[in-house]
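Number of protein chains: 2
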Amino acid sequence: MDLIARLRAGLPGEAILTDPDVTGSYANDMASFCEAGTPAVVVLPRTVEQVQHIMRTATELRVPVVPQGARTGLSGAANASDGCIVLSLVKMDRIIEINPVDRIAVVEPGVINAVLSRAVNEHGLYYPPDPSSWEECSIGGNIGTASGGLCCVKYGVTAEYVLGLDVVLADGRLLTCGRRTAKGVAGYDLTRLFVGSEGSLGIVVRAVLALKPEPPGQLALAAEFPSTAAACEAVCEIMARGHAPSLLELMDRTSIRAVNDMAQMGLPDSTEALLLAAFDTPEPAADLAAVGALCTAAGATEVVPAETAAESDLLLQARRLTLTALERVKSATMIDDVCVPRSRLAEMLDGTAAIAEKYDLTIGVCAHAGDGNTHPTVCFDAADPDESRRARESFDDIMALGLQLGGTITGEHGVGVLKKEWLARELGPVGVELQRGIKEVFDPLGILNPGKLF
Amino acid sequence: MDLIARLRAGLPGEAILTDPDVTGSYANDMASFCEAGTPAVVVLPRTVEQVQHIMRTATELRVPVVPQGARTGLSGAANASDGCIVLSLVKMDRIIEINPVDRIAVVEPGVINAVLSRAVNEHGLYYPPDPSSWEECSIGGNIGTASGGLCCVKYGVTAEYVLGLDVVLADGRLLTCGRRTAKGVAGYDLTRLFVGSEGSLGIVVRAVLALKPEPPGQLALAAEFPSTAAACEAVCEIMARGHAPSLLELMDRTSIRAVNDMAQMGLPDSTEALLLAAFDTPEPAADLAAVGALCTAAGATEVVPAETAAESDLLLQARRLTLTALERVKSATMIDDVCVPRSRLAEMLDGTAAIAEKYDLTIGVCAHAGDGNTHPTVCFDAADPDESRRARESFDDIMALGLQLGGTITGEHGVGVLKKEWLARELGPVGVELQRGIKEVFDPLGILNPGKLF
Chain A
1 MDLIARLRAG LPGEAILTDP DVTGSYANDM ASFCEAGTPA VVVLPRTVEQ
51 VQHIMRTATE LRVPVVPQGA RTGLSGAANA SDGCIVLSLV KMDRIIEINP
101 VDRIAVVEPG VINAVLSRAV NEHGLYYPPD PSSWEECSIG GNIGTASGGL
151 CCVKYGVTAE YVLGLDVVLA DGRLLTCGRR TAKGVAGYDL TRLFVGSEGS
201 LGIVVRAVLA LKPEPPGQLA LAAEFPSTAA ACEAVCEIMA RGHAPSLLEL
251 MDRTSIRAVN DMAQMGLPDS TEALLLAAFD TPEPAADLAA VGALCTAAGA
301 TEVVPAETAA ESDLLLQARR LTLTALERVK SATMIDDVCV PRSRLAEMLD
351 GTAAIAEKYD LTIGVCAHAG DGNTHPTVCF DAADPDESRR ARESFDDIMA
401 LGLQLGGTIT GEHGVGVLKK EWLARELGPV GVELQRGIKE VFDPLGILNP
451 GKLF
Chain B
1 MDLIARLRAG LPGEAILTDP DVTGSYANDM ASFCEAGTPA VVVLPRTVEQ
51 VQHIMRTATE LRVPVVPQGA RTGLSGAANA SDGCIVLSLV KMDRIIEINP
101 VDRIAVVEPG VINAVLSRAV NEHGLYYPPD PSSWEECSIG GNIGTASGGL
151 CCVKYGVTAE YVLGLDVVLA DGRLLTCGRR TAKGVAGYDL TRLFVGSEGS
201 LGIVVRAVLA LKPEPPGQLA LAAEFPSTAA ACEAVCEIMA RGHAPSLLEL
251 MDRTSIRAVN DMAQMGLPDS TEALLLAAFD TPEPAADLAA VGALCTAAGA
301 TEVVPAETAA ESDLLLQARR LTLTALERVK SATMIDDVCV PRSRLAEMLD
351 GTAAIAEKYD LTIGVCAHAG DGNTHPTVCF DAADPDESRR ARESFDDIMA
401 LGLQLGGTIT GEHGVGVLKK EWLARELGPV GVELQRGIKE VFDPLGILNP
451 GKLF
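Taken in order, these protein sequences are the chains called A and B.
Note that full-length UniProt numbering has the first sequence beginning at 1, numbered continuously upward.
Note that full-length UniProt numbering has the second sequence beginning at 1, numbered continuously upward.
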């Protein structure tokens, strides 16, 4: 009995896509330089039972399964492999419960991040994780890649908001792990193991998420610096003095110019680094004044605090446009995601500038500076083989630099296909052996998202 | 070659204790009703290399190893098994680094929680996890049991503060996992797997801990209620309205009377429940006023807000004395640790009172109410076999009730020996199978803390 017929036995017709023109459009997420195969079929289940049927079928027939959310990922973790079942969770998009007393939401994996955020806002609650793609990306994808965002400097990453999960295992059995409670230490933390596992250990079909009370609206400040080193010094001072900004972002000269070219924002061309800080505290103006003074002391040539939410939005717009602006510089971009201890941020930025010069490339950097998480974005002409090669090499140099500075190859984008050769380098042989051992416990046949991570 | 001689080859003489009178004193942690065996030897290493030597020796000779911190645990997780090596980490107690810019501390496992807390305070930093035993318990033990404390309602549990670990594996190899950075998603989260694993996966020899800026001193309020249900209604209202207390504790009538009897605190005997709330916000008085009003609306007969830190301490003293006071009621106590969704807290407390009546026992409850984490404390006469049996049965009924209310058998004390029969009931067969699989990956010979957890 063939794969499609077997799938049909437990799925409605419209949940099974086989037209190659259609299935081909499910081959990729948003990463560059990542191989992608041709799926045999795309399935769009709407229930847990349907997911179980798909996994039982895959196990019986030994067919690889590639789970997908909204495919906004940046590491190729959702890329199809040849002959695989693409298991898209986008139709499982119900918000099942929002509970203000327990401060939790229970959701299906296909819920869009922004949809959940707005829904909990209506109850005076806040779901912090806010990847740049928050209007499109799904909670299941956020869990799979352990996504971050702008708010992490104060509120942490997705992992910190996942309390419990329902997961369909490789063989189709259903596991419920974690909790609905604020605390719980019964046994090993399987929930956390699934977060960031890129669909390689099981299919998340339901999540219990922790929520926070909705904070006051944030107020932002922009500070212009004559060097990235001075901006990084300000970042270190702000954090060492105990401030709790809700956002602390840095843009380098290349990013600033790209944004200026695109949107005529009037940022002075002499600015080498722009620092954006925001506070959602009860007295944001006082916090901004204190942080503004630290910026000035570190050498800022201009400090512009917003006085209203609208002014704040205007200041933050430059940061939001960065990636789009950098994508216009050349025909292609590769976004890196190296995170270093924030005390090493200046070295990371200087080192990245040196790598750009070495390879004669344009590399714009924006950074979640408060977290030490940099996104060096290599701009290159994909039609030029030499420039493409240099782009790939510079990308590797950037990761090597990050590791050398005590950092990690990925702060929030994940490993996927893009960085799997680098994962072993970061983890070391003992770590890799243990991780492979864990993978085998959950997926002895190796059918879940093969070729990713390791 | 025998065990002791083999250990001597890599350890100084004073690090090896073999006198049965001495080794016998290492047999137990602080849990009641938990079997403990007789160790063959107690070792007190001072270096990572010595720990590696111990584990290599244990692997070669197939000798079980029981890791111990300060033995303040409440589940028997550190209890010796017959013929085991007790591996006490208390001599590895260096604070290696405190870094205010990166907001991290790097420590050895034997560092006492309060010692670390005070050391980081000197840098304007804060290590939140504060188990009741914080003056005695060690960071390694806190990591092993994923400890909580009073501050968790605002600041979360130990797990949230462990960024990276060095772990000596069962076979003596050294694993470094996790990070020094604020974010990082490279591979499966092994770090989190070790937290709460009760020494069953490896020996933590170094930890990178996240720190927070030191908050302002907290200001507390006490509110007296005519019923636990009214107090729980206040808890739900406080949390649903988005307040962020730094402490939200509840004491039931039995606890209040025990404290009154011991310390003559003058709490009215008509009080059925005492709620304690504190805020370490910039304007604690305003927060206390708002919370006081919610208490009054929920039926509080008296609300006493502190105006100074000294007054706050006085109010909180009753809570701090609870366990000691309950220990004086009868010759023995069993402390439970059931955590339920906070919306079910009232049912948990009423149900516990019914269980006390059913078994004709004194059960005092104090609770980290903001977390839904209750500590029903069964007071009984250990010399009376029938009362001891009823105590044990009531303890089980309390866990069953917690699970029935959507809770967990352990919010912060762990499983150890005490609750291992209950772990399977909470996890279910699929969860247990996966957890056992993980255990086998890390400890194929089963020498690490055998007989605990499963």
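Please note: incorrect hints may appear among the correct ones.
Dumping the calculated DSBU-like pairs for lysine-lysine here, alpha-carbon to alpha-carbon at most 35 Å [as the list claims (entries may be wrong)]:
id, chain 1, residue 1, chain 2, residue 2
1, B, Lys439, B, Lys420
2, A, Lys439, B, Lys439
3, A, Lys420, B, Lys439
4, B, Lys91, B, Lys358
5, A, Lys212, B, Lys439
6, A, Lys420, B, Lys212
7, B, Lys330, A, Lys439
8, A, Lys212, B, Lys91
9, B, Lys420, A, Lys420
The set of hints was computed from the structure by calculation and includes no laboratory data.
Checked hints:
no., hint, in the structure
1, B:Lys439 <-> B:Lys420, "holds, 15 Å"
2, A:Lys439 <-> B:Lys439, "holds, 13 Å"
3, A:Lys420 <-> B:Lys439, "holds, 26 Å"
4, B:Lys91 <-> B:Lys358, "violated, 47 Å"
5, A:Lys212 <-> B:Lys439, "holds, 34 Å"
6, A:Lys420 <-> B:Lys212, "holds, 33 Å"
7, B:Lys330 <-> A:Lys439, "violated, 50 Å"
8, A:Lys212 <-> B:Lys91, "violated, 40 Å"
9, B:Lys420 <-> A:Lys420, "violated, 38 Å"
Violation of the numbered hints given earlier is confined to hints 4, 7, 8, 9; the remaining hints are satisfied by the structure.
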